[in-house]
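2 protein chains.
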Amino acid sequence: MNKLLIVGTVAFDAIETPFGKTDKILGGAGTYIGLSASFFKLQSAIVSVVGEDFPQEYLDLLSDRGIDISGLEVVKGGKTFFWSGRYHNDLNSRDTLDTQLNVLADFNPVVPENFKDADVVMLGNLHPLIQTSVLDQLTAQPKLVVLDTMNFWMDCALDDLLQVIKRVDVITVNDEEARQLTGEYSLVKAAAQIHEMGPEYVVIKKGEHGALLFHDKKVFFAPALPLEEVFDPTGAGDTFAGGFTGYITQSENISFKNLKNAIIYGSNMASFCVEEFGTQRMERLQKEEVLQRLQQFKALTQFDISLGDDNEDEE
Amino acid sequence: MNKLLIVGTVAFDAIETPFGKTDKILGGAGTYIGLSASFFKLQSAIVSVVGEDFPQEYLDLLSDRGIDISGLEVVKGGKTFFWSGRYHNDLNSRDTLDTQLNVLADFNPVVPENFKDADVVMLGNLHPLIQTSVLDQLTAQPKLVVLDTMNFWMDCALDDLLQVIKRVDVITVNDEEARQLTGEYSLVKAAAQIHEMGPEYVVIKKGEHGALLFHDKKVFFAPALPLEEVFDPTGAGDTFAGGFTGYITQSENISFKNLKNAIIYGSNMASFCVEEFGTQRMERLQKEEVLQRLQQFKALTQFDISLGDDNEDEE
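The listed protein sequences derive, respectively, from chains A and B. Under UniProt numbering, the first residue of the first sequence carries the number 1, and numbering increases by one thereafter. Under UniProt numbering, the first residue of the second sequence carries the number 1, and numbering increases by one thereafter.
No lab work stands behind these hints, which were simulated from the structure alone. Being a predicted model, the structure only gives us computed values, none of them experimental. Don't take each hint at face value.
Stated by the list, open to error - 35 Å max Cα-Cα, derived DSBU-like pairs, lysine-lysine:
1. B/LYS143 with B/LYS189
2. A/LYS217 with B/LYS143
3. A/LYS217 with A/LYS41
4. A/LYS257 with B/LYS218
5. B/LYS143 with A/LYS218
Chain A with its partners taken away, still in its complex shape:
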């Protein structure tokens, strides 16, 4: 089986949405990526850090999914990264109520020996120097390196970010981040400019409005599945990244055609994540449900217009 190396936070989240609020629950980009990728046939490892306050139960949850956590450092006497946020009524925007970096402040990622030759590397949203350090530890060039980042690093670590962006094959950002990174309002123009920064593939996530995959002059679009209710968007982008990289790792195929499938898989996984608070839905998700919903994605997007003659299919 191919290897997927994940770096990303493993954390506590406290979330408020119009539907309710949680106490400290399991969260973090690495967690969501790992859970999502665990639905594919692969070996995965998470490189991250938690404090001594992190429950064994959560560590077991990751291990039970077959995720190698030997690169998940537990800092004695340390406290786990904590994020708290409140979503607005439309669930499209949120306020951060509290961020406690704790053990993340001095995080030095250590890639497990047997993942230094990973086939695919998913650099979750973290300081670009941490992402760089992970790349520097690899002993073989991965088939694909995917980087996720956010506006925060554009504000306070832009030079470091641009350095690591140069070294990756795929970048995933949301629409506002793509605009901030390039100064271009048009996502088509923004993607073209990000291409020039290095990545061969640019994924622009638009939340409930789906995701765009840009490559050369080509573009592909995966919609978000229209849901009766979005309950909690936390982790949706990371779950997307986990589905995206999980599928690529499993299929070992780095073609544009296959990356199109990968963003469909990413959107598919994300559509489950938002149905319940935190990681709840992903924890009880079954593989059959993933395949069933993939059928819904097909029905949602596939059509059949013949182009040989514009009238041919009507007569």
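Put chain B on the given structure of chain A with help from the hints.
Only chain B this time, still in chain A's reference frame:
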């Protein structure tokens, strides 16, 4: 050839976007619908009203497209409906600067005799009583009646609007209008409620984020084509409606499968409309360009994941 009957405004617009501004130019829902539908093999007629100030050149423009304008009343001494608006920087919202109803205030639609048996009827955005009057004049049940409306009529003529909604097969509204009409934030729930008001098909337009087609429990999504630049969104929704109804009229096929194609055609036509001010792009659009861009829509959305075995296409 099948007949498409269009009712909608024929008007003067004055538009300001971040890219420039126009004097009074040709506008109106009926105009955009008619121009867009003229790319299909059909007979069409516009029922509308203008004033004596309306230039012969504009009337000729419509006639030259093969549009029957015998139902386009020219009121002696009257002034044509005028709308003026300014778009915000993101082009997703706009302020109305001026609205002069003029001859529209006393408009009594008269359906031309030879279009009283139209195959498809497109009720463009107008007072619901005008839309009702058009339906009342028909001598045969059309194969499909499509209604477009807006929040304004929900605010000031809701009862009349609900009456006409009962009588149509398809309704097209934007996301905010669907929410206002139903009080549901979720578009899936909103569509289900609008179904219960009468229409078998509900189209929810999301502007640059595409359009959703709901039917029974089924849903289909057509993205907007990602463009380098949106120049002027005026008329995009009407151009969408013209492509949607034009394709259906031509193909004479009222299946869900064909309505999926129709919203792809609608999105395709709308993608041209926004590239220049007002009707400019639609006036010089060539049929070959329409077909070429349809190919882009295919590339944008079509993928190939086998579902027989989730691993089958990877090995």
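>> Run the distance test for A/LYS217 versus B/LYS143: straight-line Cα separation, threshold 35 Å.
In response: Violated, because 41 Å separates the two Cα atoms, which is more than 35 Å.
> For the pair supplied as a hint, A/LYS257 and B/LYS218, is the alpha-carbon distance within the 35 Å limit?
Replying inline: Holds: A/LYS257 and B/LYS218 sit about 27 Å apart, inside 35 Å.
> Is it true that the CA of A/LYS217 sits at most 35 Å from the CA of A/LYS41?
Replying inline: holds (32 Å)
> Would the pair B/LYS143 and B/LYS189 pass a check requiring their Cα atoms to be no farther apart than 35 Å?
Replying inline: holds (27 Å)
>> Tell me if the straight-line CA distance from B/LYS143 to A/LYS218 falls inside 35 Å.
In response: Roughly 39 Å separates the two Cα atoms, so the pair is violated.
Checked against the numbered hints listed earlier, the structure breaks hints 2 and 5; every other hint is satisfied.
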